[in-house]
Amino acid sequence: AEMELELHIAQANDTLHGLHLALADKAVIFRGVVRSATNYSMRTWAWQMVHSIDRSVKQYSAIYCHCRTAMIALGAKPEILKQYQELQKSHLTTSTAAFTQGAHDHQASQLPWFWSIDIPRDTSSKSWLTEFYRIHWLHAKAGKDHWEEEEELLTSEFQWVINYF
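All residue numbers for the sequence shown refer to my numbering, where the first residue is 91 and numbers rise by one.
Source of the hints: derived by calculation from the structure; they are not laboratory data.
It is possible that some hints are incorrect.
[To be verified] Distance windows between CB atoms, simulated:
hint : residue 1 : residue 2 : range
1    : TRP135    : LYS167    : 41 to 49 Å
2    : SER126    : ASP235    : 32 to 40 Å
3    : GLU94     : ALA232    : 39 to 47 Å
Backbone N, C-alpha and C define an ideal beta-carbon position, used for all residues, glycine too.
Produce the entire structure from the sequences given, and follow the hints as far as they go.
Here's what the structure looks like:
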C-alpha cells in the first residue's frame, strides 16, 4: 500500500506540473494570440487553441482528483493531504495579469494553492516557470512593503495632527 501511495503522489506531482504548464500556456495564448487576432479566421484559430488547452486542463484535473481520492483511500497522512488539497473549479482559471511583471490589475488576485507547492524538478526544467514564481513573489513582497509603508505614514500623520493641536 505504501508503494501504491508513493506512485499516486508521483502521478499527482506530474499532473500538477502539467496543470502549471497548461494554465501558463493558456495565459500566454490569451495575451499573445487571442488579443492580437485581427480577423475572424485568426480569432477562430486562437480560440481553438484555448479550447484545446481547456480540454487538457480538464483531463489533468480529473487525473489529479482520481489520485487524491486514491491517496485518501490508501490512508495518506494528514500532512500529505494538506499538501495535496482538493482542486476546485475556481483554481483552474488563469489571468494574463499573473504573468505580467507590471500588472496593476493583479494586485487583488491570489494564486491557487498548487502554484506554491514544491513539485520536484518543476523549476529546474523550465526557466520561465522559475521566472514566473520569482515575479509573483516579488509582486507579493512589493504589496506587503507598500502596506507597511502606508501604515507607517498614517501613524506619523496621526501623530503630526495630535502634535499640531
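Violations among the numbered hints | none
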